[in-house]
Amino acid sequence: MKKLYRVSSSTFRVPGSEFGVQGLARHGARLALALAATSAFAQEPTNPPARLQEVVVTATRTAEPADRVAASVSVVTRAEADARGITTLADALDLINGLAVVRTGTPGQTTTVFSRGTQGKHTLLTIDGRRQTPNILGGYDWASLTLDNVDRVEVMRSPVSSLYGGEAIGGVVNALTRSGRGLRAPEHEVAFEAGSFRTFRESLATRGATGPWDYALSASRQDSDYDRANDRYRLTTLRGSTGWEANDAAYLDLKGAFHQSDAGSPGSTTFPDPGAFLRREVVNLSPGIEWNPSDSIEARLYYGFEHQYQRSVFTLFGGSDDQQRNVSQLVEGQLNWTVTDRWKLTFGAALQDLTFSQINNTGEEDIHLNTTSFGLYAQSQWSPLPRVTLVNSVRHDHYSDYPGATTWRQAMSARVPGTETRVFAAVARAFSPPAQGDLFFPGVFGYNVTLQPESSFGWEAGFEQPLAGGRLKLGATWFRNEIDNLISFDPTPRPGAPFGAPANVAGALTEGVEAGASLKPFDGLEARASYTYLTARDLATTLRLVRRPRHTATLDVAARPMKTLTLSAGAQLVSGRTDFYTDPFFTTTREHGQDYVVVRAAARYQFTEQAQLWIRAENLTDVKYEQAAQFPAPRLGIFGGFKLSF
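Per the numbering used here, the sequence shown starts with residue 537, numbered consecutively.
None of these hints come from the bench; they were simulated from the model. Misleading hints may appear alongside valid ones.
Listed next, the in silico DSBU-like pairs over lysine-lysine satisfying Cα-Cα at most 30 Å (straight line) [as the list claims (entries may be wrong)]:
1. Lys1009 / Lys1056
2. Lys1099 / Lys1009
3. Lys1099 / Lys1056
So the derived label-pair ranges between C-beta atoms look like this [to be verified]:
4. Thr876 / Val959: 18 to 28 Å
5. Trp918 / Glu590: 19 to 29 Å
6. Phe993 / Ser893: 33 to 43 Å
7. Pro1120 / Ala1147: 45 to 55 Å
8. Leu1103 / Asp937: 50 to 60 Å
9. Pro1057 / Phe999: 16 to 26 Å
10. Asp763 / Val959: 46 to 56 Å
Where a beta carbon is used, it is the ideal one built from N, C-alpha and C, also for glycine.
Could you build the full structure based on these sequences and the hints that come with them?
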């Protein structure tokens, strides 16, 4: 039977618990467990790697050949992440051209992903195509999302509310997880890493299939203590899935996830806070069914439940202790109908119920609210000629608290005979309601209940050109987004908000150019380079939007001098940023941010077929820099570890 979201493929790529769940066992016990497992490593591997196909699923919510996709889609595979020692989704996204990943200090602190200069909450997250709920502050907890059970990450950098609804002005990140489906024998992994900043990370994973049943489970734990006072980080993550192939046409599954993070909040260098902390806990359950009664019909239906709990404590300025809960329930269905071999239709509907509550000790009124939304969408993919694809989609969303919004997208792609050049273009209207974090921001920062929804009009046009038999690939994309009623942080002090609050600005413009190249002169050596030029400004004041770099350039090299050894190195240049700086007298000014170059390197040695060792260095040149003003990033970090597979 066919599957909608189970693809292993590649395309052109540019660089204390409220629920009473106990933490994983401590480091020594896990290490002992890992070593005890080595007795099983004598067996030969029974699951040879499958041949990857040039397929992506995020741009149209259907599996499509990469050379026919009418959008900018980039991919980071599991192999690429492993070779670079990347363990979190945020670090994987930092490899993608056009994305700016900004962290307020060290790993575990608030992390924002800006896609082509749009806001952090404008990038939607899905896992296996299933929509995830934004966290209480808006956006997602990117810092706590690990790659433990992820096979690949697809990123679409284009307005796509016409398929995914709100929060997709800047695009979609889709993490596709591993499954045990189709495996002839179980696979298990045990990994351990230790290094700078008193960091220890342990992980376990297993997957397999028995008859019609399959399963995949993973667990990990990270403990770190960074250099600043009150800069600890503890993260526990569990993720699992199980499925049942009822017959040739029907497949049922259940996916679940839990993560718990506990991070000290050291504050800015101007206002350090020795007692602040942020604790988050998320539980996610999602049963689903896929039904493919014929080669021309594919249907899927899933239910998603997510419970988020957060406690944020600040001790400065009289202090605050806020607790928030977010409970989301979502039902979404999708039908794909292949009318002919050149025409495919997609229809879908989604209903979401969201309940938010906040209590505090500051004397402010507690908050309890409930919102609902309902959306219907349709899409047509038509190939009037074998090398030409036209994509049209439209969606209408109804919100209980805001007027309804109709969004659309029109796109095309074509391949030039002879040269195999792929050209593509798209134009779209998108929409995003205010996040709860904008309406009811916790702590000493103010909130704004009068915020209005944002809307955008955007377009992109680009090309990809393979040369030298595919060993050299070049690409470039020109993009532009006009955003009305952009919600941006206003640092102007006001009663109850000494550091400012979110506000609608008249409008904003983000536009620029992305360029990328990859070169594989021979097997065992690959180099990639990318560059983004971005203009992002407030149209009313003509000032640049903060934390969006004008220039971002990356260089990444991976080499395999021998079958058992992989070497990689990368560098990133960030230049032309502005940010808000607050002095000890509460005066906030807009200033130019520091330009910086960060270098990383890694080496991985396959000791045996079942065992590998690695060492990696982050910020190899030990540069002093800040991704967010007044929040220092980590200095030189060296880490080493091993993984046992059996």
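Structure-based check of each hint:
{"no.": "1", "hint": "Lys1009 / Lys1056", "verdict": "9 Å, holds"}
{"no.": "2", "hint": "Lys1099 / Lys1009", "verdict": "25 Å, holds"}
{"no.": "3", "hint": "Lys1099 / Lys1056", "verdict": "17 Å, holds"}
{"no.": "4", "hint": "Thr876 / Val959: 18 to 28 Å", "verdict": "24 Å, holds"}
{"no.": "5", "hint": "Trp918 / Glu590: 19 to 29 Å", "verdict": "21 Å, holds"}
{"no.": "6", "hint": "Phe993 / Ser893: 33 to 43 Å", "verdict": "35 Å, holds"}
{"no.": "7", "hint": "Pro1120 / Ala1147: 45 to 55 Å", "verdict": "53 Å, holds"}
{"no.": "8", "hint": "Leu1103 / Asp937: 50 to 60 Å", "verdict": "53 Å, holds"}
{"no.": "9", "hint": "Pro1057 / Phe999: 16 to 26 Å", "verdict": "22 Å, holds"}
{"no.": "10", "hint": "Asp763 / Val959: 46 to 56 Å", "verdict": "49 Å, holds"}
Checked against the numbered hints above, the structure breaks none of them.
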